[in-house]
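Asks: What follows is each chain in one-letter form.
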Amino acid sequence: MSHGSHSSGHAGGHGVGHIVPVGLQFGILMLLLVLTYITVAARWIDLGPLNIWIAMLIATIKAAFVVLYFMHLRYDRPFNSIIFIGSLLFVALFVCLALADTVTNKPRMWTGLAPAVAETQKHSDP
Amino acid sequence: MQMADAAHPISHAAVPHGDAHGHGHHPNLEHHFDSLTQQFDAGKLGMWLFLATEVLLFGGLFCAYAIFRRNHPEVFMYAHQYLDTTWGAINTVVLLVSSFTMAWAVTASQRGQRNLTSLLLALTFLGGVGFMVIKAIEYQHKFHDGLMWGTHYDPSKHGHGHGEGHGAAAHGAAAAAGHAAAGDGRGGAAESHAAGAAASAGAAGDHGASAAHPEATTSVHAPETPGQGASAAAADADVPPERAPLEPSQVALAPSGPAGLHVGGHDLHGPRPDNVHWFFGVYFTMTGLHGLHVLAGMAVIGWLFVRSVRGDFSADYFTPVDLGGLYWHLVDLIWIFLFPLLYLIH
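Same order as they appear, the protein sequences are chains A and B.
This note's numbering numbers the first residue of the first sequence as 113 and each following residue consecutively.
This note's numbering numbers the first residue of the second sequence as 12 and each following residue consecutively.
Please note: incorrect hints may appear among the correct ones.
As the list claims (entries may be wrong) - The calculated lysine to any residue pairs, modelled on SDA-like cross-linking and capped at a C-alpha distance of 25 Å, are: (1) B:Lys-146 x A:Thr-172; (2) B:Lys-146 x A:Ile-164; (3) B:Lys-146 x B:Gly-161; (4) B:Lys-146 x B:Ala-310; (5) B:Lys-146 x A:Ile-170; (6) B:Lys-153 x B:Tyr-164; (7) B:Lys-146 x B:Gln-50; (8) B:Lys-153 x B:Gly-141; (9) B:Lys-146 x A:Leu-145; (10) B:Lys-146 x A:Ala-154; (11) B:Lys-153 x B:Phe-348; (12) B:Lys-153 x B:Ala-53; (13) B:Lys-146 x B:Phe-73; (14) B:Lys-146 x A:Met-168; (15) B:Lys-146 x A:Ile-150; (16) B:Lys-153 x A:Val-152.
It should be emphasised that the hints constitute simulated quantities derived from the structure, not laboratory data.
Treat the numbers as computed from the prediction; the structure is a model and nothing was measured.
With the rest of the complex left out, here is chain A:
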């Protein structure tokens, strides 16, 4: 029923949504695969505590490409971006505040209540 007279006559300019070319999307896929390889390979380089941040940075770059091109957010209404980025900011707030407590209060935890914490603390803060 959708193949009526009206559907095919407005090539490109109809205005419902933005068409992302397949070639561009394929390029994005290749980029994502390369980044996946890099993040797996980066595991073998010992950068200490930096490793997790590098892994997260690569994951964030990958996620950005998925969101911008696969999910069309780059071409979408800005309000959708506000919603999505807003949710990410609130997750960041949530994690950071919760972690802030964990990080700052760790040295003052009672010995015996969270043994592994105290132990790790001594180990990592010589």
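Go by the hints and put chain B onto chain A.
Replies: Just chain B now, kept in the frame of chain A:
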């Protein structure tokens, strides 16, 4: 319902259509929207709001992960070695490729390429099948090996063929060194101290039962979970007093041993810390919820496939494909973070 609307154009006569093309009421335009564009935008807005709630849902789990890992890095360092990075990487590729086919399906449906859309939706669905099959293999492996949450954690479950510490003597100089350091021929101790044998060969040589931390006593009374690190074994085995208590700073936490144990197909480095089961609790919760999302996404894509074959979509009306695609990409997005957090711990 859409057909019914189209059959009664009179009811829309008063509605000013934003559609600039002059034709009558579009069969896919619900009567409460002015134009297809407005309808499309409203659908997208709703979908993005839903995706925001999904982000917040997983955000809670990521927060839990962050706190667990910050408080007990040694648990994550140790336990992630049980995960097979190869399977995880393959699954990442599977999801990325299926994300691409989904994005392509949206493009195809926007261009009114009905057959191509159907084909790409089918491929995307197969990507979901592939992901879940691999996940099932991984889960089954863990169930078999007793690598589970809470009290179900029992890595000794998988028998002597894979027994913890079974191959200690046979594997590498580090294992041998640790073996000697913790005291040879100590009978039962030899069974479980192997977990700590590779606690970096040098350290093990110096400190013997290197993981003898104070709370070892808590695990001594849990014989059903042998090998709570070298500590339990050492405490069990009447370690000479000069060897038992150690400065915490001497505890080898980093899994940096030059060689490790080979346990049930896993190369394990370092002593086993307490409460390893928490890693698997986090692992199964996060991957489990993600897996449910994959299944839900597959259901949506299956439904889209049926509709696409039926010919519901056109260049004017592809919103369901677009929105289903958004959901599928979000599932991919979450896995992009889960993979390094669970499989690539360094």
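Asks: Need the list of violated hint numbers for this structure, in ascending order.
Replies: 7, 12
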